[in-house]
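S.K.: Please model the entire structure based on the sequences and the hints provided.
Protein chains in written order, with the working numbering: chain Z, -5 to 284; chain Y, 190 to 469.
Derived from the structure by calculation, the hints contain no laboratory data.
Computed from a predicted model, the values in this text were never measured in an experiment.
Each hint can be trusted.
Listed below are the simulated PhoX-like cross-link pairs for lysine-lysine, each with C-alpha atoms no more than 20 angstroms apart in a straight line:
| id | chain 1 | residue 1 | chain 2 | residue 2 |
| --- | --- | --- | --- | --- |
| 1 | Z | 274 | Z | 236 |
| 2 | Z | 110 | Z | 128 |
| 3 | Y | 379 | Z | 110 |
| 4 | Z | 265 | Z | 242 |
| 5 | Y | 379 | Z | 128 |
| 6 | Z | 237 | Z | 265 |
Label-pair ranges, simulated between beta-carbon atoms:
| id | chain 1 | residue 1 | chain 2 | residue 2 | range |
| --- | --- | --- | --- | --- | --- |
| 7 | Z | 54 | Y | 327 | 58 to 66 angstroms |
| 8 | Z | 250 | Y | 464 | 39 to 47 angstroms |
| 9 | Z | 274 | Y | 302 | 39 to 47 angstroms |
| 10 | Y | 464 | Z | 129 | 16 to 24 angstroms |
| 11 | Z | 270 | Y | 464 | 50 to 58 angstroms |
| 12 | Z | 242 | Y | 464 | 44 to 52 angstroms |
| 13 | Z | 27 | Y | 449 | 45 to 53 angstroms |
| 14 | Z | 27 | Y | 312 | 28 to 36 angstroms |
| 15 | Z | 235 | Y | 298 | 40 to 48 angstroms |
Cβ atoms here follow ideal geometry from the backbone N, Cα and C, with glycine treated the same way.
Okay, here's what each chain looks like letter by letter:
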Amino acid sequence: MNTASAQANSTSSADAATKGAISIRNVTKIYDPDGVNVLAVEDCSIEIAPGEVCMIVGPSGCGKTTLLNAIAGFHSITSGQIDLDGEMLCGPGKPLADQGADRVVVFQNGALFPWKTLADNVAYGPIVQGTMTKAEAYGKAVDMLAEAGLSGVAGKYPGEVSSGMARRAEIVRALINDPKVLLLDEPYRAMDALTKSIMHESLLEVYDRTKVTIFFITHDLEEAIFLGDRVIVMTTRPARTKKIVDVKIERPRDYRLLSSEEFRVLVEETKGAVHEEAVKAFEAGERELA
Amino acid sequence: MAQATPNTQKSKSRIGKLVSNVTFWRGVVAILVFLALWEIGAQWKGWFGYMMPFVGKVAPPTDVIAIWMEVGQQPGYWLSWWLSSVRVFVGFLAAMIIGIPFGLAMAVNKYFRGIFFPPFEILRPIPPLAWVPASIIFWPTTEMSIMFITFLGAFYTIVINVLGGARSIDVQYLRAAQSMGASQWDLFYKIILPGTLPSIFVGAAVGMGITWEVVLAGEMMSGGGQQGGGGLGFFIWGSYMGGVMDQVIVGMISIGVAGYISSSLIRYLGHVCMPWRRMF
Ligand SMILES: Nc1ncnc2c1ncn2[C@@H]1O[C@H](COP(=O)(O)OP(=O)(O)OP(=O)(O)O)[C@@H](O)[C@H]1O
Ligand SMILES: [Mg+2]
Chain Z
-5 MNTASAQANS TSSADAATKG AISIRNVTKI YDPDGVNVLA VEDCSIEIAP GEVCMIVGPS
55 GCGKTTLLNA IAGFHSITSG QIDLDGEMLC GPGKPLADQG ADRVVVFQNG ALFPWKTLAD
115 NVAYGPIVQG TMTKAEAYGK AVDMLAEAGL SGVAGKYPGE VSSGMARRAE IVRALINDPK
175 VLLLDEPYRA MDALTKSIMH ESLLEVYDRT KVTIFFITHD LEEAIFLGDR VIVMTTRPAR
235 TKKIVDVKIE RPRDYRLLSS EEFRVLVEET KGAVHEEAVK AFEAGERELA
Chain Y
190 MAQATPNTQK SKSRIGKLVS NVTFWRGVVA ILVFLALWEI GAQWKGWFGY MMPFVGKVAP
250 PTDVIAIWME VGQQPGYWLS WWLSSVRVFV GFLAAMIIGI PFGLAMAVNK YFRGIFFPPF
310 EILRPIPPLA WVPASIIFWP TTEMSIMFIT FLGAFYTIVI NVLGGARSID VQYLRAAQSM
370 GASQWDLFYK IILPGTLPSI FVGAAVGMGI TWEVVLAGEM MSGGGQQGGG GLGFFIWGSY
430 MGGVMDQVIV GMISIGVAGY ISSSLIRYLG HVCMPWRRMF
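M.R.: Rendered as structure tokens:
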């Protein structure tokens, strides 16, 4: 693959979203630290269509990250099954999914390697997978960073750029692997509103171009509705799906949407469900302390 | 958005930067003031008739410099420099070559750690100087035993730093790399190693300081016989035995300078090996 075809490549997956279907069926996860069982996820089932933006919200500590870690292959599951495009990632007889570049994770705190420049960070995946030579990977990385508006900082180290730039570069680093699924664990937490809105536009722009399946955990309900095709509200621990909000708003979306009536109604609807669970979680916490 | 183009304005001459640097001049002034106070203190008796406590017993800087000029013409003085430097270098290098892989192995493999960490922790509190008698018996030459204890001085510090540094690498870096398809070797070579480099350099800087302390003490103890003699430690000890106090001070300052040169070298290497930390 040569560098000139970067554009072509990123559109290749856009024509039809045929890959990246995730099927989570009856998944249960029990952590067992020092013999104290923690039931983090119980009998949770979610079907995600290819190319869907699936937003996960729920009270803190309910088991969202646990679910993401199971898909990514960082943790085993106790029972149930998770499939990707009809193939079992983990399930009976194989509790731990293999880690692979078809499901790339973008972390809450950011995990760009501080010892590599942004371009070298982005080039990392294709190099270690052996799918490109170093020069090819680097050329492609520079092109993709430029597409994301980061051409001026490609040669800088992560410590030298703003957190917003670093986070966008991290998403580019994930996308260069042409993954089936992007797994995002509160990627924009702790960002100011303005940076966040730039992040959202940039992510939507990427999504409209690639139609990659997105599994996105967040606490921000407006973010969830603005970005998502569906918002899945989880119950307090152990996590199950409490409510699914369908967001039938046309794409491409932009910021005028935020002030629309349709948007406000959806946010209110979701807020009600989340609030109920948050109160339950709080009361459960009180009981544990008492 | 920052428009700075990378790596273009960094080539300003180093000397030019130094001369225009306030911190540099502050350091120079501090040293000059220190020397002036020392000179006045040491000369007090000659000028005002009574001796200042402590500093009055020491030769003034002007005398020390005069003696230094003299001593600097004797090959024996430079030989002492050479001998101590070689001992420090060999001991330190051995400590790095053995200590870094050893620390990394303990960090990445729990069986290796289970076997080697307990004995390591028992041996670590024993000061290198306590090893002097044993090492004189172990090793065929005194030279080797001095190098061995310099090795020990740096070894423990380097291992502890490497182990701690490698173990505290954020698990998210490892996960990110793995999820992008990195093999075990990639993880080790491209994540754990660069992630541990800062700790390796901290360990090296501290270890280098300890190495100079240990080599000096080793040389003083070895007594400067035919075997393993000389070195700056023996230069000081010999001067003291000969009652030449000015030379003792020359020896002491020489060690200070040697230590400073060594730690500057390590800092410079760190700078070269870790470009991502230059912005600090
Ligand atoms: N490695 C682990 N060992 C034991 N318990 C764990 C482990 N990881 C998570 N847990 C527990 O499992 C529960 C769910 O954790 P998880 O991190 O999935 O929550 P979360 O929904 O991502 O929360 P947050 O919104 O705060 O990130 C929590 O009660 C947590 O304490
Ligand atoms: Mg979480």
